Amino acid sequence: MKFALAGNPNSGKTTLFNQLTGSSAHVGNWPGVTVDKREGVYKKLKEKVDIVDLPGIYSLSPYSPEEIISRDYLLNENPDCVINIVDATNLERNLYLTTQLIEINVPLVIALNMIDAAETNGIEINTCDIEKAFNVPVVKISALKKENIKELMEAAYRTAKIKRDGFSVLSKSFIAPLIEDAKMLLSKENKNNLLFNAIKLLENDDKTIKLYPKQAMEIENMKKQFSKEDLEGVIADLRYKYISETFKNTVKKHSKEILSRSDKIDRVMTHKIWGIPIFLVIMFAVFHITFSEDFLYLNKLYGLEINADWLCNILRIDAGGGLPSLGVWLQSWMGWLTGGLIELANGLLENSPDWVSGLICDGLLSGLDSIFSFLPQILLLFLFLSILEDSGYMARVAFIMDRAFRKFGLSGKAFMPLLMCFGCGVPGVIATKTLENDKERNLTMLIAPFFSCGAKLPIWATFGAIMFAGQFGDLIVFSVYLIGIVVAIIAALILKKLIYKGETSPFIMELPAYHRPQFKNTMIHLWGKLKHFLFKAATIIAGAVIIIWFLSNFNFEFWNGMVSIENSMLAKIGNVIKYVFYPLGFVFGENGWKFSVAIVTGLIAKEMVIATMGTLSGMSEDPLEMEITADLPIAAMIASLSPAAAFSFMVFNLLSVPCMAMVAAIYGEMGSGKRTWAAIGFWLLSAYVTSAVVYWFGTLISVCWWAALLVSVLVLTLVILLFVYKNKKNKNHISHIEKFKS
Amino acid sequence: MKKFLHEFSPGESGTVKEIFAEGKLKRRLYDMGVTPGTQIIMRKVAPLGDPIEINLRGYELTVRKTEAEKVIMEV
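Sequence order for the protein chains is W and C.
1 is the number of the first residue of the first sequence in my numbering; add one for each residue after it.
1 is the number of the first residue of the second sequence in my numbering; add one for each residue after it.
In short, the hints are calculated from the structure, not lab data.
Quick caveat, the model's predicted, so the values are computed rather than measured.
One thing to keep in mind: the hints can contain errors.
[Claimed, not checked] Below, in silico cross-link-like pairs of lysine-lysine (DSSO-like), each with a Cα-Cα straight-line distance of 27 Å or less:
hint, chain 1, residue 1, chain 2, residue 2
1, W, 497, C, 24
2, W, 43, W, 207
3, W, 433, C, 24
4, W, 264, C, 26
5, W, 407, C, 26
6, W, 46, W, 161
7, W, 44, W, 207
8, W, 37, W, 241
9, C, 2, W, 207
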């Protein structure tokens with residue numbers, strides 16, 4: 001048997017799904033779109049039941065991918081029963097979807113969820129009224145407290161065995177004759193879901209019109225004779241009127257409180273003046289707990305030093321340091337674990353051939369280590385995101401930030417994911433799930449890596465310590481971050497114009513009531529996401545790591561055994577592809593191929609850039625683990641570049657493919673290989689173009705500063721002119737408001 | 001008196017008279033319960049001046065001002 005869960009977003013659908021399916025749940029993608037598909041098995045009935053969690057929707061209109069998926073599933077996949085989850089605290093709007101679901105010929109059960117919360121709010125609901133009105137069973141449940149779930153499933157099981165014909169609340173309204181006529185017309189063509197399709201044709205539904213173009217034309221004529229009003233609006237209105245009239249006495253409110261607890265919290269969190277500072281403090285706390293090496297600045301501010309040996313061992317720090325934050329602490333344990341694993345493998349493979357131990361220890365394990373050492377921090381960021389989303393605060397962030405983002409073709413919902421990318425792009429990309437518009441989601445994912453993440457910081461820091469004799473280190477780091485943001489904005493504007501054009505999706509969003517995040521729910525959510533990501537990441541990363549290891553340890557006569565990296569295939573490849581990088585300026589001279597090799601290894605993970613440069617410059621130690629001074633070989637290598645070329649190299653690394661973990665995350669979220677390759681191409685192109693601009697402009701400054709000044713003044717004027725032109729065009733447009741007022 | 005929804009100040013309330021939108025926006029407003037006759041309370045304006053938060057049918061909804069200006073209200 002197969003049951004489908006349908007209901008509004010925030011109705012507790014996912015909680016119910018988790019309770020029903022437990023560990024059998026798995027997350028995938030609906031074909032062709034970036035919407036999650038969750039499936040699992042319920043085992044407590046006489047037979048096993050497959051559960052499909054349809055996306056959260058408010059209506060079965062044909063406008064969003066979520067709605068189309070749900071419609072197609074209900075109409076074509078013939079589930080044995082639909083469980084419609086209805087939030088008891090918000091009956092009116094939730095039942096609007098129910099009035100559409102019951103028009104489909106499929107057995108249906110209503111699960112009246114959050115009944116406990118409704119009762120504490122003083123709301124009492126008479127379920128008999130709902131059963132009578134829709135002629136389907138209604139079961140009161142609390143998905144959170146696991147109350148009545150067995151009863152719900154038994155009711156669904158019984159209902160699934162009885163066929164049900166669609167029924168419409170419109171059948172007693174004044175448009176009933178029109179519905180009958182449309183049904184008559186359609187019955188000649190197709191008898192499946194007659195009622196549903198007839199009503200959709202009256203609503204001018206694009207998807208149904210495409211299915212029955214001939215009938216649609218005739219119905220169009222009938223509509224014109226019947227009424228001048230727009231039926232789409234009339235029907236929506238009739239549905240809501242039916243609900244508010246039929247269930248007038250169903251809901252009894254005992255509480256007289258005007259402001260609920262949620263309203264009181266919201267008054268503070270979205271306050272006119274304090275809203276933004278509170279948001280900044282929350283975000284600071286999230287980053288601080290994840291990334292700070294000196295928790296609460298106890299060392300810097302209060303001189304706290306940890307010296308006891310046993311404590312240093314547990315915290316994995318050198319004596320005299322401050323308290324590490326949770327993220328840093330977990331990360332160093334993870335490093336200890338993977339380091340131990342590599343050592344163990346080394347010991348076990350002592351007697352095996354060089355290439356075997358090399359492949360496993362230096363190739364596979366070290367490669368995985370460079371990415372998985374970030375895992376605790378990715379997890380932690382993701383945990384915070386889940387808590388913020390579960391509590392209802394995420395929707396408020398979108399509310400607060402929407403205005404600032406709209407100019408770039410993004411809504412406020414993109415803010416949180418992109419901000420996360422300063423920490424790590426992986427949770428950022430996964431967090432784009434809250435963006436309901438597919439185009440906007442893709443756009444957000446494409447610009448996500450331009451926000452410089454934690455793994456790239458060592459590159460900027462190393463270059464900053466050496467360029468200009470280390471005098472402007474902080475300025476260099478700052479400017480790289482700034483370039484990333486500027487390129488992200490420009491890229492968003494260009495992509496919006498070229499590829500993701502069309503009407504902007506409306507920003508009409510429910511602000512769900514605040515509630516305490518459920519630990520178990522958050523954990524299930526986290527584990528589901530992690531499983532999905534880890535599987536993709538492990539295969540993609542392992543593949544890429546092995547390829548790079550092979551290229552950097554063998555020459556073209558690989559049967560002759562391993563060689564040093566200077567003589568490897570990768571060095572040869574570096575020597576060839578450096579010609580591609582000529583316009584970017586950093587591949588001239590004897591070190592040229594080394595930089596192009598570092599770019600290639602950097603595609604796997606950005607920590608590899610500095611590590612590779614260290615190896616190629618002849619260092620035996622990892623430069624990431626020591627202080628960078630001017631007398632190191634890596635410093636000489638960087639100093640051989642002109643400032644413009646060094647900047648160009650940094651910018652290329654900033655914008656190109658961030659790491660294989662990110663590729664895996666994008667692949668997981670976009671759900672399509674084609675889109676993933678397009679994203680990779682887009683990043684490489686952006687990196688190439690921007691680096692070239694940086695190099696040539698930088699060179700111009702150093703050769704002849706006044707010409708550079710002239711160029712920048714010209715570009716600036718052009719941009720300002722464009723803006724003025726655009727504003728003028730907007731002013732010419734007379735809005736309907738002015739027409740209405742005059 | 002007739003007035004646009006985006007002209008409301010926080011705390012003000014009224015009923016929906018007419019909706020001027022087309023296509024996706026119109027349907028979305030209808031689906032979320034913004035239909036003629038619905039009572040709407042304006043709750044607040046976002047810190048940056050846009051969007052706005054409204055209360056209708058017992059829940060909170062946020063819309064941009066450009067969307068709210070398609071809704072004519074009776075006060």
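Against the structure, the hints come out as follows:
Using a Cα cut-off of 27 Å, the hinted pair residue 497 of chain W and residue 24 of chain C holds, with the two alpha carbons roughly 20 Å apart. Between residue 43 of chain W and residue 207 of chain W the alpha-carbon distance is near 36 Å, which puts this suggested pair outside the 27 Å criterion. Proximity of residue 433 of chain W to residue 24 of chain C is assessed by CA-CA distance (about 21 Å); at most 27 Å being required, the pair is judged to hold. Distance hint between residue 264 of chain W and residue 26 of chain C is unfulfilled; the C-alpha atoms sit about 31 Å from each other, more than 27 Å.
Between residue 407 of chain W and residue 26 of chain C the CA atoms are separated by roughly 23 Å; this keeps the pair inside 27 Å, and the hint holds. Restraint check for residue 46 of chain W and residue 161 of chain W: satisfied, since their Cα atoms lie roughly 13 Å apart, inside the 27 Å limit. Simply put, residue 44 of chain W and residue 207 of chain W have alpha-carbon atoms about 38 Å apart, too far for the 27 Å limit, and the pair is violated. Between residue 37 of chain W and residue 241 of chain W the alpha-carbon distance is near 33 Å, which puts this suggested pair outside the 27 Å criterion.
Annotation: proposed proximity of residue 2 of chain C to residue 207 of chain W is violated, straight-line Cα distance about 36 Å (limit 27 Å).
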